[in-house]
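Participant: These are the residues of each chain, in order.
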Amino acid sequence: GENVEQHPSTLSVQEGDSAVIKCTYSDSASNYFPWYKQELGKGPQLIIDIRSNVGEKKDQRIAVTLNKTAKHFSLHITETQPEDSAVYFCAASKGGSGGSYIPTFGRGTSLIVHP
Amino acid sequence: DTGVSQDPRHKITKRGQNVTFRCDPISEHNRLYWYRQTLGQGPEFLTYFQNEAQLEKSRLLSDRFSAERPKGSFSTLEIQRTEQGDSAMYLCASSQTRGGRINEQYFGPGTRLTVT
Numbered sequence: 097g098e099n100v101e102q103h104p105s106t107l108s109v110q111e112g113d114s115a116v117i118k119c120t121y122s123d124s125a126s127n128y129f130p131w132y133k134q135e136l137g138k139g140p141q142l143i144i145d146i147r148s149n150v151g152e153k154k155d156q157r158i159a160v161t162l163n164k165t166a167k168h169f170s171l172h173i174t175e176t177q178p179e180d181s182a183v184y185f186c187a188a189s190k191g192g193s194g195g196s197y198i199p200t201f202g203r204g205t206s207l208i209v210h211p
Numbered sequence: 578d579t580g581v582s583q584d585p586r587h588k589i590t591k592r593g594q595n596v597t598f599r600c601d602p603i604s605e606h607n608r609l610y611w612y613r614q615t616l617g618q619g620p621e622f623l624t625y626f627q628n629e630a631q632l633e634k635s636r637l638l639s640d641r642f643s644a645e646r647p648k649g650s651f652s653t654l655e656i657q658r659t660e661q662g663d664s665a666m667y668l669c670a671s672s673q674t675r676g677g678r679i680n681e682q683y684f685g686p687g688t689r690l691t692v693t
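Protein sequences appear in the order of chains A and B. Every number in the numbering used here is 96 more than the matching position in the first sequence, counting from 1. Every number in the numbering used here is 577 more than the matching position in the second sequence, counting from 1.
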């Protein structure tokens, strides 16, 4: 089955700095890669996703890149703010028309943004 | 769009008791997923429904676990004869297979189960 590795497990930055979280996956058939933000006591919140037919996607301060050849994808957060502090999960899944899109999650990165 | 809701938010039970959790998905979503999350880990897939049909179950879903989605709307997850190892956050997510934002899963707040 799919295996997703996520690094680092903890990331501490100063407000205004950039943060980068990296993930690798094992199944070359995976074609959908969402990123989730989870705050304490809450469920994961989808923040951005990328499909295998594109290499990069950006939404304001957040961007995701995908390298299908190397089977890795990354989350980039620019101009970090204290409210960005949370646990971030990457995931990989596969599915075509009618496919299940059941994600395999990484173990998470605890991002701490110091004011 | 009121989001995915789960009830209860917290449940403390004694080993051997049965518990049932409820999930109400986003109204137009036809898929509903259940996950389990333990401390320091990402969510692990348990099972999912498309409308009222249960299409896939994980090996994690032992015989003590059962899930239903009788009318294709809300779902329940029951754990019989709870064990301490069942202590975890149980998360529900929903998605749609048509229209825009296909297959994007939106999670509820979770039910935290503690088995004493």
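No wet-lab data here; the hints were simulated from the structure. Watch out, some of these pointers could steer you wrong.
[To be verified] Below 25 Å or equal to it, Euclidean Cα-Cα: the simulated SDA-like pairs (lysine to any residue) are:
hint: 1; chain 1: A; residue 1: K164; chain 2: B; residue 2: E681
hint: 2; chain 1: A; residue 1: K154; chain 2: B; residue 2: S582
hint: 3; chain 1: B; residue 1: K634; chain 2: A; residue 2: K153
hint: 4; chain 1: A; residue 1: K190; chain 2: B; residue 2: H606
hint: 5; chain 1: A; residue 1: K138; chain 2: B; residue 2: D640
hint: 6; chain 1: B; residue 1: K648; chain 2: B; residue 2: L632
hint: 7; chain 1: A; residue 1: K138; chain 2: B; residue 2: R599
hint: 8; chain 1: A; residue 1: K133; chain 2: A; residue 2: I158
hint: 9; chain 1: B; residue 1: K588; chain 2: A; residue 2: G137
hint: 10; chain 1: A; residue 1: K164; chain 2: B; residue 2: Q661
hint: 11; chain 1: A; residue 1: K133; chain 2: B; residue 2: H587
hint: 12; chain 1: A; residue 1: K164; chain 2: B; residue 2: S604
hint: 13; chain 1: A; residue 1: K167; chain 2: B; residue 2: R689
hint: 14; chain 1: A; residue 1: K164; chain 2: A; residue 2: G137
hint: 15; chain 1: A; residue 1: K138; chain 2: B; residue 2: Q618
hint: 16; chain 1: A; residue 1: K190; chain 2: B; residue 2: T693
hint: 17; chain 1: A; residue 1: K138; chain 2: B; residue 2: T653
hint: 18; chain 1: A; residue 1: K153; chain 2: B; residue 2: Q673
[Stated by the list, open to error] Sample of chain B residues lacking proximity to chain A, with all beta carbon distances greater than 12 Å (derived):
hint: 19; residue: T579
hint: 20; residue: Q594
hint: 21; residue: E605
hint: 22; residue: Q618
hint: 23; residue: F651
hint: 24; residue: E681
hint: 25; residue: L690
The C-beta atom is built at its ideal place from N, Cα and C for all residues, glycine as well.
Participant: Quick one: which hint numbers does this structure break? Sort them smallest to largest.
Facilitator: 2, 3, 5, 10, 12, 13, 14, 16, 22 and 24
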